[in-house]
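Asks: So you can see what is in the structure, the chains are spelled out below.
Protein chains: 4
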Amino acid sequence: MKLEKIKTEGLAHLSYLLTSNGEAAVIDPRRDIDVYLDPARRDGCRITHIFETHRNEDLVSGAGLLAEVTGADVWHGPNPAEPIRYAKTTREGDSYQVGDARIEVLETPGHTYDSLSFILFDQSAQDGPVGVFTGDALFVGDVGRTDFYPGKEREVSGLLYDSLQKLLKLGDHVLLYPAHGAGSVCGSGMADREFSTIGHERRNNPRLGLDRDAFIEAKLAEHHEQPPYFRLMERLNVEGASPTRRYPLPPPKPILKASAEDSQLVDVRGVVDFAGAHIPGSIAIPDDMLAAFAGWVLDPDQAIDLVCRDAAQAERSVLTLERIGYDHVESFRTGMVPVASSGAAFASLTMVGTETVRERLGTGGWMLLDVRGIDEFAAGHIEGATNIYLGHLPSRVAELPRDKSITVMCGSGARATIAASILLRNGFENVDVYLGSWKAWTSSI
Amino acid sequence: MKLEKIKTEGLAHLSYLLTSNGEAAVIDPRRDIDVYLDPARRDGCRITHIFETHRNEDLVSGAGLLAEVTGADVWHGPNPAEPIRYAKTTREGDSYQVGDARIEVLETPGHTYDSLSFILFDQSAQDGPVGVFTGDALFVGDVGRTDFYPGKEREVSGLLYDSLQKLLKLGDHVLLYPAHGAGSVCGSGMADREFSTIGHERRNNPRLGLDRDAFIEAKLAEHHEQPPYFRLMERLNVEGASPTRRYPLPPPKPILKASAEDSQLVDVRGVVDFAGAHIPGSIAIPDDMLAAFAGWVLDPDQAIDLVCRDAAQAERSVLTLERIGYDHVESFRTGMVPVASSGAAFASLTMVGTETVRERLGTGGWMLLDVRGIDEFAAGHIEGATNIYLGHLPSRVAELPRDKSITVMCGSGARATIAASILLRNGFENVDVYLGSWKAWTSSI
Amino acid sequence: MKLEKIKTEGLAHLSYLLTSNGEAAVIDPRRDIDVYLDPARRDGCRITHIFETHRNEDLVSGAGLLAEVTGADVWHGPNPAEPIRYAKTTREGDSYQVGDARIEVLETPGHTYDSLSFILFDQSAQDGPVGVFTGDALFVGDVGRTDFYPGKEREVSGLLYDSLQKLLKLGDHVLLYPAHGAGSVCGSGMADREFSTIGHERRNNPRLGLDRDAFIEAKLAEHHEQPPYFRLMERLNVEGASPTRRYPLPPPKPILKASAEDSQLVDVRGVVDFAGAHIPGSIAIPDDMLAAFAGWVLDPDQAIDLVCRDAAQAERSVLTLERIGYDHVESFRTGMVPVASSGAAFASLTMVGTETVRERLGTGGWMLLDVRGIDEFAAGHIEGATNIYLGHLPSRVAELPRDKSITVMCGSGARATIAASILLRNGFENVDVYLGSWKAWTSSI
Amino acid sequence: MKLEKIKTEGLAHLSYLLTSNGEAAVIDPRRDIDVYLDPARRDGCRITHIFETHRNEDLVSGAGLLAEVTGADVWHGPNPAEPIRYAKTTREGDSYQVGDARIEVLETPGHTYDSLSFILFDQSAQDGPVGVFTGDALFVGDVGRTDFYPGKEREVSGLLYDSLQKLLKLGDHVLLYPAHGAGSVCGSGMADREFSTIGHERRNNPRLGLDRDAFIEAKLAEHHEQPPYFRLMERLNVEGASPTRRYPLPPPKPILKASAEDSQLVDVRGVVDFAGAHIPGSIAIPDDMLAAFAGWVLDPDQAIDLVCRDAAQAERSVLTLERIGYDHVESFRTGMVPVASSGAAFASLTMVGTETVRERLGTGGWMLLDVRGIDEFAAGHIEGATNIYLGHLPSRVAELPRDKSITVMCGSGARATIAASILLRNGFENVDVYLGSWKAWTSSI
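Residue numbers (our numbering), protein chains in the order written: chain R, 1063 to 1507; chain B, 1063 to 1507; chain H, 1063 to 1507; chain L, 1063 to 1507.
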């Protein structure tokens, strides 16, 4: 019996391939399913079962597609409001055999109404379960969000509390296999550590030490964001997704057409590259931030053109976008030296350091814009800074003064660069970025 | 300006990717087109032109598909009988610009009526062409077959002679880029060397030293085979092919169903593996021989199940079969040790050596069956051997005596093993293979 | 904090790369250390600590080499008899910081006197350890061997019992990271499952339910084998190993020199390939069995020549052999068709099935030789079979009758093929193999 | 017979692997020899011959090393002044058999006294040679440099003229295989096209249309640069090189030590990255420019520390440096965001466009520094610009005014960025770069 964790960077999504004796199960597959097919075949296993812990809102599920390719069934919890078209319904106590492994269903609602956990038993060591796939109910160091049902936050927080008690009852020795790790938008306090047990969580997870009422209050006090693309995910994850591209890349674009006007021109090269030179009007979203921020900033129904370092980065970016349902990348272009050499205009974005920010503090005609999340800002910020979360910036641009110079900051300068590119695209002229940002500020004081 | 030769082993097919200054052309693309898309993107080039030297009969063209993916046009010679649906017609003297390269069309009929050659010029060194893509008109060491139009062999041989004179006129210094290399069924005397020039061919190619009449007589005296799958290729190459599989492999098959009855069970592991142990009734075609012999032995409309060493070999075999239009591989199974361990029956095929064959010579109740081509057999064979070409064996099995023991031979024992598996599947009981075959015989005498 | 398990197939050896915050530790590295250097670099981590749970006897440690390349220290338990030249000594309670992780030493002698376990703590979730690296003290489903100190088996078994109590005290929730998985010669009852916790072992591991006396008796009753190459490993693992080859393969050998006389000619192609055809006198050890059986059959001081399917298999085999200290591979040769074609002699090995074996049972002049381990044989065998363990066969060949025909069997036919090749090399003439062996026998009855 | 061209980007060096019938020859191997060993093994060939066209001055030869690994001999032309330690001497008319190929030696001095060409014959098509390896005598579109023997330029130019006549006599149909392509420092007018024949060169190569006297005068009028590292190459290529690193990368460097003071801190990330943010004092040499410019700027005897985008870029850079004898890379560091986040100081380099440059023209206190080669500058430049070739800048820094602002330009901005980093490191304060440079200037006018 072998269990392979497949991590999707950016989304911090975790899916699992369980293989045993010629059979295999996949838990929470993503859209690019080769990552399950390849190792299953290499180990001589047929994928016979696909399990979904819940209807995901942050990524496109590959469950329906994988079912089509393998002939396996998809098992999903009861979802009467929006029945999952590609799945069969399973309920507490249902049990499935995968080689020498047995998977038993536990209903663990709270994060969503349809949330399930899947308990893993080994036929040849049956005294207690070996592990449990907890989806978005229980993470390493945190528990799931409970803000998805407006007006029902209290009810679903209570449901989650009860679900967690069921999980704790499985026993300290049980291995924990959640659907997300640190960096996911599906929780805020996840540990950077990627492995744990029920027992270690019972001792250390701050949410598990509370009684029911305190737990509910704590959950109600949390602050989460819901990027607009969540709506698209919810729809796609009811309908089932189409395959990712057969031929991954659009053709490279001729250099001359370097204009940001009639498309979403997205510069994925990186923070520092964008600062050095970029096409005026382009939106900076470094490739490793696409999963987290494309859903706030880009329109999934409009064409997207990429500015990349090379074809490999373009291919990576196309795939990352497809994982969250952005299928309309139409071209890519590589490098700024060719653009500038063609005689086309380019722009730079100035990066400033701690010293400069400190000098400017308190001066007039200047604004320090901190685009971190509300909790991060609350936990500590530079006196006088204005906070607008990066995700909200596109819809709140009008609030910003056009007659001031603006320095944008965040944790390190990365999100600030995305924000600055949005400001520049919206016609703001005196914009720079505090590279190092809060980390530099706190290290240098 | 860069020219990449893409060789498809097994078919000995040569296609070409020409890149220059952000643009690219492909000459005679095969069906799995990633092999052109990837390097073009890596070098930052858009594929703007696709050229076909003629309607191929031995492999599925990827021209239509590549056009669809890239937006490029496909250029093909006039083919009034069966207009190529995915192509535009081009004629002698037409000229195309690809970056700094210029491609000029030369009509070179003979092998087929629609055969073109494409002359390559470099804009910055224009005194004489640099190279020429000759398709199946002129090879290194040989010229194209002229047996595709029954009753018109004499006419098309004459056409080919005239076409070759046009090619020779391009000048000695011109590089030669043919569509096939040694091992192809599209010619019989191709050199093992993979590079040449018009001048080197003029001096050394045996077909270029003849006058028109002698040339025609020599062509008429040639002997070529036409595997049944050529019909399928001709149809597909008018219609245009669908893409190869998105997810390359079918699921592995459970071991228990080891039976050859209701499918074409094809054992691609290798000659010696098949001899050691195989599933009774399976057809041996080692993976590196699939391109040459699947088209003689397998039915493209029926399901195919594979016996492989491992998943990688299965994947390779699926792709090789797709290149010649066999799209119905439905499962694969790995290794014979698991089959035997499951309690299923298995069989062996005895390999004998030179000494055994020599002892048997002249004895009664025994037949030595040589499955090499008629020309190979004519060039030298063991006294008393019977010759039936491997490709004809499936339809001529009834001619063989069931009351004799049969030793099968060929050049080395590889084709003989395919033949032996066909005999075994047809109920012959006393069959073995002369491993080493003609090579061993001639080395040991 | 990330923990990567590196599995070495064949040896079923498990080593670990722990990364956290720019630093990394490796536990029990093998000789080909790229497998640690590459992911550490990719994640931007310096390897700062190397831990060895004990002086390994079944594989060459890469600890000294890795220390040399990275500048990290190697930490090893006290080994006064033979101080490890490349390591520093660490003792119970010593503690090491690796990024946000803390490693604490626990002395757990028994398997060897110098055996340590390493307890893993997370700085940010400190209530109880997260996991423990147990070396060869505690496995999933089994505990370590205690037969390495002749005359002291009772003492070290007691030591191991006490060590296991220390491990159990860490708590049910602690993740288990042993140095071996199923298939290792370092234990006999390891589970096929590759993940567990202290708690799951406490409930299910058969050795953990016994009291001290019963435990000791059970350990004394076990039967293990010590291949001769263990002596070489012990020496190398005191001295420290040299790097694996810079250029992994020797040049391919011309076909003509196909003789097994003056070298150890090892045929690694596979069981069924060897049966089909092989070079007379060659020793069959399929590449995936080299780790387990080369140490019984081959002389590490003599040159080794390989017969392979292709260069990739040769490269894999060279590396597998280097991992157990066999550095003298001098050539390789690919395929038997070229050998036979050159006119050289070849031989086959007949594979028989259940029906044939059943027919022969009780007949005279025939011997059924079962080369499985004594425990396997005791657990069930074919009436009338003679048992000599494969590992002992080279030194016990003289016991076998030369006037009988011999059918060799094992679990599936794989070990039997190695055994048969040894008999053939020793001049036995009537030897065949029962393909499927005990698995086929028990499935077919 | 197969001929594989191995191109080393950056150096634009071409080496060749010729394989035929189980044997192989390598012409002009580079230092990282896996690139010859791997394909030779894959095709089942032993490398039996190594040929050097001359003692290279621009890269480290791998001939001695390859000889050691394979047992083949190295054949080199007569070099009485400095006998090549790892080679045997071969002379005009000597002949070598490699499978079915024959290699014949032609002495073609001029570029160096020891320059040889190797004529390639095919045994089975002997009427005229097939190709010729011309080393640095004859390129596509150019001929070799003749400036390596101070005071003897006229003599060696004449020798080269005579050698070229010998090559032309081989015949128009002969394929040309030179040791360099476009971008090499070993010639200035090489074509971007990578394939040609003697005949095509005879018609199009501008140097081949001259008579002896005109040829000599033309060669004397050429202008070439000799980077200081050529001295190192010449020494290493007499002695023979050691292997490249067994474990390719040094450990990553902790972020904190971000200082350029006590080492050669080389930023290989890229032109635009360096502009966006860099460590003060670091030298910008983008990874694809290392081969061309490290030899002008870096000291091979001093330690080198790298700033990279990621570990893969670091690995590539280490190898590129090793190919030109820079073996002392001691660490690498990835990305500027972590550096700035640690609180360390960083700097930017402003990129300006055509409009800015045009505005500044003629203003005081400003200097436009063009670092292109003397020939490029002569062919066209911006009125008022000062020319110092980039390679000479390190030794001519003192000539530049410290009281002016300086805009650096080149062809596209890439070499200008290297130059700007050198000025910054030397304490110049008002330095920026004209991104797009001459290409932008000429496109926008």
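Among the clues, some could well be false.
[Claimed, not checked] No more than 20 Å apart at the CA atoms, straight line, and that leaves these computed lysine to aspartate or glutamate pairs for EDC-like:
no., chain 1, residue 1, chain 2, residue 2
1, R, K1069, H, E1066
2, L, K1067, L, D1096
3, B, K1069, L, E1256
4, B, K1064, L, E1256
5, H, K1067, R, E1066
6, L, K1069, B, D1273
7, H, K1069, R, E1256
8, B, K1067, L, E1284
9, L, K1501, B, D1162
10, B, K1228, B, D1273
11, B, K1067, L, E1066
12, R, K1064, H, D1275
13, L, K1214, L, D1162
14, H, K1228, H, D1275
15, H, K1069, R, E1066
16, B, K1466, B, E1438
Calculated from the structure, these hints are not laboratory results.
Asks: Could you run down the list of hints and mark each one as holding or not?
Replies: Taking the hints in turn, this is what the structure says about them:
1. R/K1069 - H/E1066: holds, 13 Å
2. L/K1067 - L/D1096: holds, 14 Å
3. B/K1069 - L/E1256: holds, 19 Å
4. B/K1064 - L/E1256: Satisfied, since the Cα-Cα distance of roughly 6 Å is no more than 20 Å.
5. H/K1067 - R/E1066: holds, 11 Å
6. L/K1069 - B/D1273: Answer violated: L/K1069 to B/D1273 is near 43 Å, above 20 Å.
7. H/K1069 - R/E1256: holds, 19 Å
8. B/K1067 - L/E1284: Given pair B/K1067, L/E1284 is violated - Cα atoms ~36 Å apart, limit 20 Å.
9. L/K1501 - B/D1162: Holds - the C-alpha atoms of B/D1162 and L/K1501 are around 18 Å apart, at most 20 Å.
10. B/K1228 - B/D1273: Holds: B/K1228 and B/D1273 sit about 14 Å apart, inside 20 Å.
11. B/K1067 - L/E1066: holds, 11 Å
12. R/K1064 - H/D1275: Between R/K1064 and H/D1275 the Cα gap is close to 34 Å, so the pair fails against 20 Å, i.e. violated.
13. L/K1214 - L/D1162: Given that 20 Å is the threshold and the Cα spacing comes to 41 Å, the pair is violated.
14. H/K1228 - H/D1275: Satisfied, since the Cα-Cα distance of roughly 17 Å is no more than 20 Å.
15. H/K1069 - R/E1066: Holds, because 13 Å separates the two Cα atoms, which is no more than 20 Å.
16. B/K1466 - B/E1438: Distance of about 25 Å is beyond 20 Å: violated.
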